Amino acid sequence: MKILWSLTLCIGAAAYGQALDLKHLDRLADKASNVADVTLDGSLLKIGAKFLSADDPDQAKIKKLVAELKGVYVKTFTFEQEGAYSEADITSIRKQLQSPGWSRIVGIQSKKNGENAEVYLKTGQPGGGLAIICANPKELTVVNIVGKIDLDELSELGGSLGVPNIDLEKAKPANKKDDH
Amino acid sequence: MSYLEEDLKTALRREAAPSDFAERVLSRLNQPAGPEPSWWELLAVLLLPPRLQWVALSVLFSVMIPVAGVQYRKQQRMRAEGERAKEQLVFAVRVAGDKLHHVQQRVLEIGRMDTRL
Chain B
1 MKILWSLTLC
11 IGAAAYGQAL
21 DLKHLDRLAD
31 KASNVADVTL
41 DGSLLKIGAK
51 FLSADDPDQA
61 KIKKLVAELK
71 GVYVKTFTFE
81 QEGAYSEADI
91 TSIRKQLQSP
101 GWSRIVGIQS
111 KKNGENAEVY
121 LKTGQPGGGL
131 AIICANPKEL
141 TVVNIVGKID
151 LDELSELGGS
161 LGVPNIDLEK
171 AKPANKKDDH
Chain L
1 MSYLEEDLKT
11 ALRREAAPSD
21 FAERVLSRLN
31 QPAGPEPSWW
41 ELLAVLLLPP
51 RLQWVALSVL
61 FSVMIPVAGV
71 QYRKQQRMRA
81 EGERAKEQLV
91 FAVRVAGDKL
101 HHVQQRVLEI
111 GRMDTRL
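Heads up: the sequence lines are chains B and L, in that order.
Going by our numbering, the residue at position 57 of the first sequence is 57; the numbering climbs one at a time, nothing skipped.
Going by our numbering, the residue at position 60 of the second sequence is 60; the numbering climbs one at a time, nothing skipped.
It is possible that some hints are incorrect.
Claimed, not checked - Straight-line alpha carbon distances no greater than 30 Å define the calculated DSS-like cross-link-like pairs of lysine-lysine that follow:
1) L:Lys-74 / B:Lys-64
2) B:Lys-112 / B:Lys-138
3) B:Lys-148 / B:Lys-31
4) B:Lys-50 / B:Lys-63
5) L:Lys-74 / B:Lys-70
6) L:Lys-74 / B:Lys-46
7) L:Lys-74 / B:Lys-63
8) L:Lys-74 / B:Lys-50
Said to hold, decoys possible - Counterexamples of contact, computed for chain B against chain L with all Cβ distances above 10 Å:
9) Gln-18
10) Lys-95
11) Ser-103
In short, the hints are calculated from the structure, not lab data.
This one's a predicted model, so the numbers in the text were calculated from it and none came from an experiment.
Virtual Cβ for every residue (Gly too), placed ideally from N, Cα, C.
Using the sequences provided together with the hints, build the complete structure.
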């Protein structure tokens with residue numbers, strides 16, 4: 001029985017471990033002027049995808065793109081002033097991305113405007129995944145996608161549609177509870 | 001003559017009315033009409049034993065209406081949650097796409113700059 005319990009816990013931990021732990025970024029919400037926090041795991045992702053219209057070409061593209069995903073996590077913070085987040089906040093994410101399976105495919109550092117962009121891809125394991133860290137002195141965005149995703153299609157969506165003007169209100173504790 | 005015809009003939013044969021028939025009809029006609037029943041008397045009639053089916057229907061409806069209401073509210077809540085999840089999903093995918101596209105553009109820019117050098 002003990003073995004069974006241990007096995008169950010291990011499987012659970014492995015499944016949970018597929019998504020990056022970004023909880024340490026939540027404290028930045030107080031300093032940010034604008035916060036977007038999206039946590040869509042298994043069931044919520046399926047429900048959301050179910051509500052996407054197949055008749056709308058943009059939504060149909062997204063529906064196709066997310067069909068094999070297991071989780072989508074996005075945290076975006078915009079700050080009024082520079083230095084609101086520390087390098088340690090990003091280092092903590094980078095450490096998680098050093099685990100087996102993850103490989104950095106792009107890394108850009110601009111000394112001119114302090115921009116830092118990194119793209120990590122998880123391969124060689126069932127499911128796959130993507131992580132994007134985009135940071136500049138007044139903005140920090142972390143994207144974590146769990147599951148198989150077509151990078152070209154995803155990039156195309158970003159290029160053609162851009163970020164929509166959805167007013168995702170500043171993260172509140174109550175909302176966070178709903179999301180999890 | 002068949003038995004059927006014979007039976008019919010027997011059943012439909014002329015019979016004389018009883019001697020007091022006319023008297024009884026006339027006396028009934030001359031009786032004064034009773035008072036009109038009030039609305040609650042009419043309503044109470046529905047609850048009399050032969051109309052128990054109405055009671056059963058009322059009970060059934062009084063159970064069904066709240067159940068249907070709860071079910072409707074549950075469905076509305078699920079729809080709202082689904083719509084919210086959809087909005088979040090569209091937003092998340094577009095942010096991810098936008099950032100990836102931005103990185104690609106930066107890589108292309110750097111590539112062009114290298115070529116010029």
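Hints and how they fare:
1. L:Lys-74 / B:Lys-64: Holds - the C-alpha atoms of B:Lys-64 and L:Lys-74 are around 28 Å apart, at most 30 Å.
2. B:Lys-112 / B:Lys-138: holds, 14 Å
3. B:Lys-148 / B:Lys-31: Violated: B:Lys-148 and B:Lys-31 sit about 34 Å apart, past 30 Å.
4. B:Lys-50 / B:Lys-63: holds, 8 Å
5. L:Lys-74 / B:Lys-70: It holds: about 26 Å lies between the C-alpha atoms, which stays within 30 Å.
6. L:Lys-74 / B:Lys-46: holds, 18 Å
7. L:Lys-74 / B:Lys-63: Roughly 25 Å separates the two Cα atoms, so the pair holds.
8. L:Lys-74 / B:Lys-50: Holds, at roughly 17 Å.
9. Gln-18: Its Cβ never comes within 10 Å of chain L, the nearest being 16 Å, so this holds.
10. Lys-95: holds, 21 Å
11. Ser-103: The assertion about B:Ser-103 holds, with a minimum of 15 Å to chain L.
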